[in-house]
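Trainee: Sequences and hints are given; from them, build the entire structure.
Protein sequence lines correspond, in order, to chains A and B. Quick note on numbering: the first sequence equals residues 1 to 273 in our numbering. Quick note on numbering: the second sequence equals residues 1001 to 1250 in our numbering.
In short, the hints are calculated from the structure, not lab data. One or more hints might be untrue.
As the list claims (entries may be wrong) - Simulated restraints, written as ranges between beta carbons of each label pair:
hint, chain 1, residue 1, chain 2, residue 2, range
1, B, 1236, A, 94, 25 to 31 Å
2, A, 149, B, 1075, 55 to 61 Å
3, A, 71, B, 1018, 53 to 59 Å
4, A, 94, B, 1014, 16 to 22 Å
Remember, predicted model here, so these are calculated numbers, not experimental data. Yeah, the Cβ is synthetic: ideal placement off N, Cα and C, and Gly gets one too.
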Amino acid sequence: MKLRRGKLSVLAVLAVAGLVLTTSGCGSDDEAPQGGATSSDTSSSSPALSGEITVFAAASLKKTFTEIGAEFEKAYPGTKVAFNFAGSSDLVAQIQQGAPADVFASADTKNMDKATGDSLTAADPVNFASNTLEIAVPPGNPAKIATLADLANSGVKVVLCAPAVPCGSAAAKVEAAAKIDIKPVSEEQSVTDVLGKVTAGEADAGLVYVTDVKGAGDKVMGVEFPESSSAVNTYPIATLKASKNAALADAFLKAVTGDPGQGILATAGFAKP
Amino acid sequence: MFVPAAVGALFVVLPLVAMLTRIEWASFGTLITSDSSRAALALSLRTSVASTVLCIVFGVPMALVLARTEFRGQSIARSLVLLPLVLPPVVGGIALLYTFGRRGLLGHTIEVLGLQIAFSTTAVVMAQTFVALPFLVVSLEGALRTGGQRFEEVAATLGARPTTVFLRVTLPLVLPGLASGAVLAFARALGEFGATITFAGSLQGVTRTLPLEIYLQRETDPQAAVALSLVLVVVATVVIALTRRSRTAL
Chain A
1 MKLRRGKLSV LAVLAVAGLV LTTSGCGSDD EAPQGGATSS DTSSSSPALS
51 GEITVFAAAS LKKTFTEIGA EFEKAYPGTK VAFNFAGSSD LVAQIQQGAP
101 ADVFASADTK NMDKATGDSL TAADPVNFAS NTLEIAVPPG NPAKIATLAD
151 LANSGVKVVL CAPAVPCGSA AAKVEAAAKI DIKPVSEEQS VTDVLGKVTA
201 GEADAGLVYV TDVKGAGDKV MGVEFPESSS AVNTYPIATL KASKNAALAD
251 AFLKAVTGDP GQGILATAGF AKP
Chain B
1001 MFVPAAVGAL FVVLPLVAML TRIEWASFGT LITSDSSRAA LALSLRTSVA
1051 STVLCIVFGV PMALVLARTE FRGQSIARSL VLLPLVLPPV VGGIALLYTF
1101 GRRGLLGHTI EVLGLQIAFS TTAVVMAQTF VALPFLVVSL EGALRTGGQR
1151 FEEVAATLGA RPTTVFLRVT LPLVLPGLAS GAVLAFARAL GEFGATITFA
1201 GSLQGVTRTL PLEIYLQRET DPQAAVALSL VLVVVATVVI ALTRRSRTAL
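Mentor: Following this line, the structure appears as structure tokens:
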């Protein structure tokens, strides 16, 4: 019995190892050729940065962080920044399970607290941006939404995030501030799902972030409302203890909190923290 | 041969065992009987039964046409019917949205008829039927083909009308195939996630089925998510066991 179990667990380990090998093999396919720029005269700053880091960032940061990453790679030739974009709580769960991440940027302080609580962060998180809610309506605004209170009207199909996810708890806060009760036709898993239902024209309105409206271009129209100030979402970023390239992780964090990153974030509609 | 088989089996069984170890049995009862869990389970069972019925209603004639007739482009028709098997369910959801959604192909017609499909339980059933239908068609077509047509021909030469042949000869012969096809379709409908969340949305008691509830619970209460997952595993196991029994019984 004992022997058999031992054999089986060896097999399991082998199988898992095989999986890991194949996936990591896929990942390195698109890596830039290593030979090219080896610490020439490019960056005169401190020790030359090189290697690769993986940044786990909230889904709402996809556009801006991809851009910041590209700028960063340009500024430090020979480095590579890989991203994993997902819901902040998914990301924390992955980091807690030992996913190889160097930097974590969360869409709310709650999920960052989970990471700091498990002492997974290497230093105190830094707030680098904030975001507020806005009403997104399909082009032409078929339901004629002008204020937040309009969303509580009967016959208006409103889509919100589920209260369990950050955008949903923000929606609940503005509802409370406006003393209204919105009856959504659907409570979505993420803000992108809400936006999708609005761009498809299925919903008359949805509560999403300012940056989502801006990012969707002419596929949706935004309706601002004063109550949005009662739910300001703050985005913290931190380097992680498990990082194998702490210098590069630090440099990326500085790029986000510094001028280049802040400029890109502001263009996308993010406010200062 | 036994080694790869054991690895394969382990790969399937180990995650289930891992899940079992994560369950807090003390709070298991309260976790799976919460309002939202019960609503999700009831909705899942209701919609899965409804979509299985729809699968039988449409799938039996489809399988008959594919197995018993020959027409030009039949192999293309078969591939198209089976497409949802290999399509990512999210893609299915998007396709349904652009067909039956408000701005979809048939959206205007549906609105004129006064029907509201989006965000309704109907949308859930449609999404489930879309992904589950091929399972029934494949199983039944296979059964029809292996069964052959000898008995049907004999019945027809003895003067039985086509309807009688179908009800008295064809159907009893392929009943095991139909049963296992229906069970597969039911199981697939029960596990449906991608097409539902894309096409139907997610609202407690209306469109939030058990898989959607599990995915949402994971955000706040991973324990509840694991507990609900076990419920789904148990339901699926019972379904598989029932098919095996019905197969041997028939």
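Trainee: Next, verify each hint and record whether it holds.
Mentor: Here is how each hint holds up against the structure:
1. B:1236 with A:94: 25 to 31 Å: holds (26 Å)
2. A:149 with B:1075: 55 to 61 Å: With Cβ atoms ~58 Å apart, the hint holds.
3. A:71 with B:1018: 53 to 59 Å: violated (41 Å)
4. A:94 with B:1014: 16 to 22 Å: holds (19 Å)
Going down the numbered hints, you'll see the structure goes against just number 3.
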